[in-house]
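Student: Model the placement of chain F on the given structure of chain V, informed by the hints.
There are 2 protein chains.
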Amino acid sequence: MKYAIGVDLGGTSIKIGLVSEDGKIVKKIFVDTEASGGPRKVICNIKNGVHQLLSEINLPIQGIGIGCPGVVNPQKGIVENPPNFYNWKKVNVGRPLSMEFEKDVFVENDANAAAIGELIFGNGKKYHSFVMVTLGTGVGGGIIIKRKLYHGDFSAAGEIGHITIDHNGPKCNCGSFGCIEAYAGSNYLRKRVWDGLKQHPRSLINKLIEKNYDHLTPRKIKEAADKGDKFAISIIEDLGVKLGAAFASVSNLIDVSTYIVGGGVAGFGKPLFNSIQKTFSSRVLKSLQPRVKVVAAQLKNEAGIKGASALVFNET
Amino acid sequence: MKYAIGVDLGGTSIKIGLVSEDGKIVKKIFVDTEASGGPRKVICNIKNGVHQLLSEINLPIQGIGIGCPGVVNPQKGIVENPPNFYNWKKVNVGRPLSMEFEKDVFVENDANAAAIGELIFGNGKKYHSFVMVTLGTGVGGGIIIKRKLYHGDFSAAGEIGHITIDHNGPKCNCGSFGCIEAYAGSNYLRKRVWDGLKQHPRSLINKLIEKNYDHLTPRKIKEAADKGDKFAISIIEDLGVKLGAAFASVSNLIDVSTYIVGGGVAGFGKPLFNSIQKTFSSRVLKSLQPRVKVVAAQLKNEAGIKGASALVFNET
Numbered sequence: 046m047k048y049a050i051g052v053d054l055g056g057t058s059i060k061i062g063l064v065s066e067d068g069k070i071v072k073k074i075f076v077d078t079e080a081s082g083g084p085r086k087v088i089c090n091i092k093n094g095v096h097q098l099l100s101e102i103n104l105p106i107q108g109i110g111i112g113c114p115g116v117v118n119p120q121k122g123i124v125e126n127p128p129n130f131y132n133w134k135k136v137n138v139g140r141p142l143s144m145e146f147e148k149d150v151f152v153e154n155d156a157n158a159a160a161i162g163e164l165i166f167g168n169g170k171k172y173h174s175f176v177m178v179t180l181g182t183g184v185g186g187g188i189i190i191k192r193k194l195y196h197g198d199f200s201a202a203g204e205i206g207h208i209t210i211d212h213n214g215p216k217c218n219c220g221s222f223g224c225i226e227a228y229a230g231s232n233y234l235r236k237r238v239w240d241g242l243k244q245h246p247r248s249l250i251n252k253l254i255e256k257n258y259d260h261l262t263p264r265k266i267k268e269a270a271d272k273g274d275k276f277a278i279s280i281i282e283d284l285g286v287k288l289g290a291a292f293a294s295v296s297n298l299i300d301v302s303t304y305i306v307g308g309g310v311a312g313f314g315k316p317l318f319n320s321i322q323k324t325f326s327s328r329v330l331k332s333l334q335p336r337v338k339v340v341a342a343q344l345k346n347e348a349g350i351k352g353a354s355a356l357v358f359n360e361t
Numbered sequence: 046m047k048y049a050i051g052v053d054l055g056g057t058s059i060k061i062g063l064v065s066e067d068g069k070i071v072k073k074i075f076v077d078t079e080a081s082g083g084p085r086k087v088i089c090n091i092k093n094g095v096h097q098l099l100s101e102i103n104l105p106i107q108g109i110g111i112g113c114p115g116v117v118n119p120q121k122g123i124v125e126n127p128p129n130f131y132n133w134k135k136v137n138v139g140r141p142l143s144m145e146f147e148k149d150v151f152v153e154n155d156a157n158a159a160a161i162g163e164l165i166f167g168n169g170k171k172y173h174s175f176v177m178v179t180l181g182t183g184v185g186g187g188i189i190i191k192r193k194l195y196h197g198d199f200s201a202a203g204e205i206g207h208i209t210i211d212h213n214g215p216k217c218n219c220g221s222f223g224c225i226e227a228y229a230g231s232n233y234l235r236k237r238v239w240d241g242l243k244q245h246p247r248s249l250i251n252k253l254i255e256k257n258y259d260h261l262t263p264r265k266i267k268e269a270a271d272k273g274d275k276f277a278i279s280i281i282e283d284l285g286v287k288l289g290a291a292f293a294s295v296s297n298l299i300d301v302s303t304y305i306v307g308g309g310v311a312g313f314g315k316p317l318f319n320s321i322q323k324t325f326s327s328r329v330l331k332s333l334q335p336r337v338k339v340v341a342a343q344l345k346n347e348a349g350i351k352g353a354s355a356l357v358f359n360e361t
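Order-wise, the sequence lines are chains V and F.
Residue numbering for the first sequence follows the working numbering, beginning at 46 and increasing consecutively.
Residue numbering for the second sequence follows the working numbering, beginning at 46 and increasing consecutively.
Calculated from the structure, these hints are not laboratory results.
Among the clues, some could well be false.
Same chains, same label: a pair holds when it works inside one copy or across any pair of copies.
[Said to hold, decoys possible] With a straight-line Cα cutoff of 25 Å, these simulated BS3-like cross-link-like pairs (lysine-lysine) come out:
id	residue 1	residue 2
1	193	121
2	191	121
3	256	243
4	216	338
5	331	135
6	148	135
7	170	47
No experiment lies behind these values; they were computed from the predicted model shown.
Extracted from the complex, chain V is given alone in its bound form (with noise of 0.2 Å):
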C-alpha cells in the first residue's frame, strides 16, 4: 500500500492527513494558520504540521500535496495572492517543502485539488471528462479533460462561479454582476433567504431559525424544505434552475457535459439536482443533451486532504 500527505491549507487552519492510496485517511492532525504572521510562518505551521503527523505515523510516503486558495503555479508550486492571507503576493509553498521532507510536492488550487480527489477517489474514477463544482462559501470549480487537470494559459481556469447567468444581475465580490456565486455562494444564499422571509413570514424556516440571522444556514433551509415548506422548496429550485443555466453554458463552450457538484450548499440534495438537470437538459445545444449529468461528489468533509493527497498519487 502506498501513502501520501495532503494538507488542506485554508485561511484559518491547515488539516493535514496521512492518507492510503485507497482513499482512507490514516490519521489527521489540525493546525492553526496563523496567516496574518506572513508567509513564512505559514509555511513553517505546515512544516510542523507534517513532522508532527509523521512522528506519530511512522509510514514512508510517496510525497505531500497541498492545495491552497488563490491563483497557483503548478509547476512552480507558487501561490498568488490568496484571499485572507496577510502580506502574500507570489510565495513558493512548494520548494521549502520539498526541501524539508525530500519528498515530491505538488501544489494546486484548494477547487482543482477538489477535482482531483473526486478523480482519483470518488465518483470520477467513473468520468474521463468532468466539471468538479464547489458549492460552499464560494462557488469553486475544476476542469478535468480526459482525466487531466484544464489549467488554461496562466493556471487560473475553472472559475466556473464567476460565470455571468445575468450581466445586470445582483453585485458579485469579484466585481462583476450576476456571477453564479452572487446566487449560489452560501452567503449570497442566505441574504436572499432571510429577505425573501419579510414576503414569507410563516414559512417554517422562521420558526427553524428562531428569527435569529445566525442561525439561519442551508441546512435549515433544508430542514424546511424535507417538511413540505413552499418557500424553503421554492429556494432550492430556483437555484438549481440558475446552476443549470450557468452549466448550459460551460458545457457548450467546452464540451463537458458531467457535473460533480459538492460542498455544504449542494446538501439541499435531490430536489437540487432535479432541478440543476432539468434546466441543464433543457438549455444545452441539442447535440450536448443527451450526455447532461449531475451527480453529487462523493468525498465529504474531509475532500480538502483527500484531493491535496491525490494531487501525489495522481503523478506517481
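Tutor: Positioned in the frame of chain V, the structure of chain F alone reads:
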C-alpha cells in the same frame, strides 16, 4: 512554396480555393452546393469543383482542408447534422475526397477552421492562445489553447454564441434564452434595431433604409453611427457591453484572455471593440485583467477558404 486546397462548404455554395502557404489565394471558384440533393450530391459537387480548380492551375498540393457547418469529428472526417443540409445525419466527407485525390484531407467545423485560419495566416500568429469569435448570422467560436484547437469531449466545443448572459432573456433559436447569439446574431440584431426604431423615429437609420426592413443591415447601422446618430451608436455600444459580459464569463472559465473577432457584425469597428474591451476588463476576475485583449480578425471575406486551407498547413 507549398500549396493547399481550401473548401468552404456552405448551405448554398461551395467556395474552393488554391492557397499558398503565405496565405494568398492563387485561384478560387464557386460551385452550387445543391444541399437538397443529399450528401452524395454535395460530395460529388466538391469533387468536381476541386478537379476543375486543379485542371486550371497545375500546382502540387499538400492536401485538402474543408470547413463546414455542424459537429465534425476531425479524426474520422465525419460531419454530423449540418443545419440546412437535407437527409444528412453522420456523413464521412473526408474519406471519399482523400480516396479521389490521394491526398490528406482535414475536416473541421467552420468556426474552428476560421480560428486555425487566424492562427496560421492572421492576427492569431502573435498569440499562443485565443478565442476566435465570428459575428455573422450566428455567433460562432473556436478555442485555440497553446496553438492547438480545443475540441472538448466530442468535438463540439467553442459554441460561444450559446453562452447565456441573461437566463431570462430573449429566446434563442437553440431553444435556450439570453444566449449571446440572441443579441449579436445579425438577424436578432436587425430585429432589435427595427423594433427600437419605433421609439427613435428620427434616427438616421430610418432615413438610410427608407423605412424598409430589407435594407436594414449592420452596414447601414454603422453608416448612421459614423454620422453621429445617437440611437445607432447606442446599439453598437450596447452590443459591446453584452459581448464583453460573455467574454468575461468565458475567460473566467477557461483562462484565455485574447479574443479575435470577425464576421460581418464586427464591421462596426472601433466603437464596438472599445465597448467590448471596456466591459470585458471591468467584469473579468482581477488576476486576468492585465491580459485582456480584443482584436479584429485579419482574414475578412476570404476567411472561409483561407481557414480551410490553413487546416492543411497547420498539420503538414
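Student: Next, verify each hint and record whether it holds.
Tutor: Here is what the structure says about each hint:
Taking the shortest alpha-carbon separations for residue 193 and residue 121, both the intra-copy value of 18 Å and the inter-copy value of 24 Å come in at or below 25 Å. In the homo-oligomer, the alpha carbons of residue 191 and residue 121 lie at most 25 Å apart both inside one protomer (23 Å) and across protomers (19 Å), since each shortest distance falls under that limit. Taking the shortest alpha-carbon separations for residue 256 and residue 243, only the intra-copy value of 10 Å comes in at or below 25 Å, while the best inter-copy value is 50 Å. Taking the closest pair of Cα atoms, residue 216 and residue 338 come within 25 Å of each other only across two copies (24 Å); inside a single copy the shortest separation is 30 Å, beyond that limit.
Within a single copy, residue 331 and residue 135 get their C-alpha atoms only as close as 44 Å, which misses the 25 Å cut-off; across copies the closest is 15 Å, which meets it. With identical chains, the CA atoms of residue 148 and residue 135 are at most 25 Å apart within one copy only, with a shortest distance of 22 Å there and 51 Å across copies. Proximity of residue 170 and residue 47 under a CA criterion of 25 Å is satisfied intra-copy only: 18 Å inside one chain copy versus 46 Å between copies.
Violated hints: none; the structure is consistent with every hint.
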